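*Asks:* This is what each chain is made of:
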Amino acid sequence: MTAVRDHWRKQPFIASPLLRYGLYAAVIVYIGVTVATLPIDWARVSQGLERAGRIFGGAFPPSFQRSGLLIDGFLESLKIALLATVGGVFLSIPIAFMAARNIAPLPVYYLGRGIIIVARSFHPVIVAIVFVKAVGFGPFAGVLTLVVYSIGFVAKLLAERIEEIDPGPVEAMKSAGAPFLSVLIYAVFPQIMQRQIGLSIYQLDSNLRASAVVGIVGAGGIGATLANAFGRYDYDFALAITMVIVGVILISEAISGAIRKRIA
Amino acid sequence: MLKIKSLVKRYGAGDPVLKDLNLEIEGDQVVSVIGSSGAGKSTLLRCINRLVEPTSGTITLNGTDFTALGRRDLRIARRRVGMVFQSFNLIDRLTVMENVQSGRLGYISTWAALTRRYPKEDIRRAFELMERVGIAHYADKRADELSGGERQRVGVIRALMQQPEILLADEPTASLDPKTSEQIMMLLRDLASELKLPVIINIHNVHEAKEFSDRIVGMRYGRIIFDDLPKALTDEAMHEIYAGIPHADRQVEGEAA
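Protein sequences, first through last, are from chains U and X.
Following the numbering used here, the numbering of the first sequence begins with 20 at its first residue and continues without gaps.
Following the numbering used here, the numbering of the second sequence begins with -6 at its first residue and continues without gaps.
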């Protein structure tokens, strides 16, 4: 009888040593080459630092003198975020069902996935530029942008949740002869409702943040106010706006976090 | 009367799971189907209401050939077959009443289902049945607050709400403790005779099968090799149903074919 082994090592993730060390070496070489060849002009970096100093110098102390403009911009952002969340979530639900492999037939599934991929493939700023061109400056372009953004996020995660449901109740409803929509209402919706609410709240929070960004390219809201302030070298007002944005996002994150914890 | 004729189910190109199976069930018999895992018990049950699509053969319930039905007719016909599941398959986040009424979804409109406006007679029937099995006081509780035995009672009542012509139970007691398991078996037997309903039960517990059923069907690798009264199930018969490993059995069959 042979002796029982008393040593054991976890198998490496990549079995072939040649491939493993080759891969490590390739990554290191690539990073080295990248750093060596990237054009970094140190003279311009030092100039930039100087300019940054001037901007920050001008920004202190922050000015809340035009707080009326600030509040108006913010209320507009809030409206954009709310409308976009309601519209986006509303559209996301059918798209999520279309994009769930265990519910939709194959052609519908591909269509649903396609819509989600398109909605996800562009950053909101790019979508906003397109919509500002299409419907003009202002909050409407912002709403449309964030609707697309919401679909990309909510529909994708909701579709994944639908694919994870316990198929047992679906089987039970089918065996009772329930029509398709009734099966969805009884066997699927109760299982995804919790995620749906959590996603909607998260998306509202996220849309509020994004609405500040898309405003910069002309899609209304606080972002537009901020871009104007920068354009007019009102750095003190810009700092005030930035501070308020950070504050509001902290608050909204706390609220949405508390709500999501409650419903879990 | 349920008549299954030369039923074959094959997944892909492999060996069929059900091989030319014939079975007739009449009256208000409680029929237990026994056999080792992989014998095809569950597939047999799911072929009856076409949750699993049979490859060939016919299944006739009181004159309706289930295998010939189109999608819409199949949905209507499924209302006549009640089913009880091993893992209960309740909707956890809905109330017991909603779960019970979900057995009626094939009869009521989607709008009525969505708004929970159930017909009066359905509500009365639900309370009657829930009273009968002792869960009426749970009507407003969420299904996931109940114990295993209570959950399976909800499952049984849901199936009975369909006013089915036959009840299929796929290992209804396999997730329950021995005592609860016996209670559910007793309940199924009693309800079968009260409602004049034939019941087919897939079951692993041979002792319970013998005690609670009128007839025992033994399956082995897709065929019925025993079909008789419970008292005829001798040790030899048991051995034949459960002995052997699938691989060896398939090889022998391959040589014979």
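To be clear, the hints were calculated from the coordinates, so they are not data collected in a lab.
Model, not experiment: these values are computed from the prediction.
A few of these clues could be false.
[As the list claims (entries may be wrong)] Pairs of lysine to any residue residues, derived as SDA-like cross-links and limited to a Cα-Cα distance of at most 25 Å, are as follows:
id: 1; chain 1: X; residue 1: 134; chain 2: U; residue 2: 209
id: 2; chain 1: X; residue 1: -2; chain 2: X; residue 2: 35
id: 3; chain 1: X; residue 1: 134; chain 2: U; residue 2: 106
[Unchecked claim] Quick list of the computed label-pair ranges, beta carbon to beta carbon:
id: 4; chain 1: X; residue 1: 5; chain 2: U; residue 2: 35; range: 48 to 58 Å
id: 5; chain 1: X; residue 1: 223; chain 2: U; residue 2: 34; range: 25 to 35 Å
id: 6; chain 1: U; residue 1: 212; chain 2: X; residue 2: 133; range: 11 to 21 Å
id: 7; chain 1: X; residue 1: 66; chain 2: U; residue 2: 121; range: 40 to 50 Å
[Stated by the list, open to error] Chain X regions said to be covered by chain U (calculated; three or more residues, Cβ under 8 Å):
id: 8; segment: 76 to 90
id: 9; segment: 211 to 220
Here a beta-carbon is modelled for each residue, glycine too, at the ideal position from N, C-alpha and C.
*Asks:* Indicate, hint by hint, whether the structure satisfies it.
*Replies:* Results of checking the hints against the structure:
Our distance criterion of 25 Å between C-alpha atoms is met by residue 134 of chain X and residue 209 of chain U, whose separation comes to about 15 Å. Proximity of residue -2 of chain X to residue 35 of chain X is assessed by CA-CA distance (about 17 Å); at most 25 Å being required, the pair is judged to hold. For the hint linking residue 134 of chain X to residue 106 of chain U, the alpha-carbon distance of about 34 Å lies beyond 25 Å, and the restraint is violated. At about 34 Å, the beta-carbon gap between residue 5 of chain X and residue 35 of chain U misses the expected band of 48 to 58 Å.
Checked against the hint of 25 to 35 Å, the pair residue 223 of chain X and residue 34 of chain U fails, with Cβ atoms roughly 56 Å apart. Taking the beta carbon of each, residue 212 of chain U and residue 133 of chain X are about 18 Å apart, inside 11 to 21 Å as hinted. A hinted range of 40 to 50 Å is violated for the C-beta pair residue 66 of chain X and residue 121 of chain U, which are about 24 Å apart. With 10 residues carrying a beta carbon less than 8 Å from a beta carbon of chain U, the segment 76 to 90 of chain X meets the three-residue requirement, and the given coverage holds.
Residues of the segment 211 to 220 of chain X lying with their CB closer than 8 Å to a CB of chain U number 0, which falls below the three-residue condition for coverage.
When each numbered hint is compared with the structure, violations occur for hints 3, 4, 5, 7 and 9.
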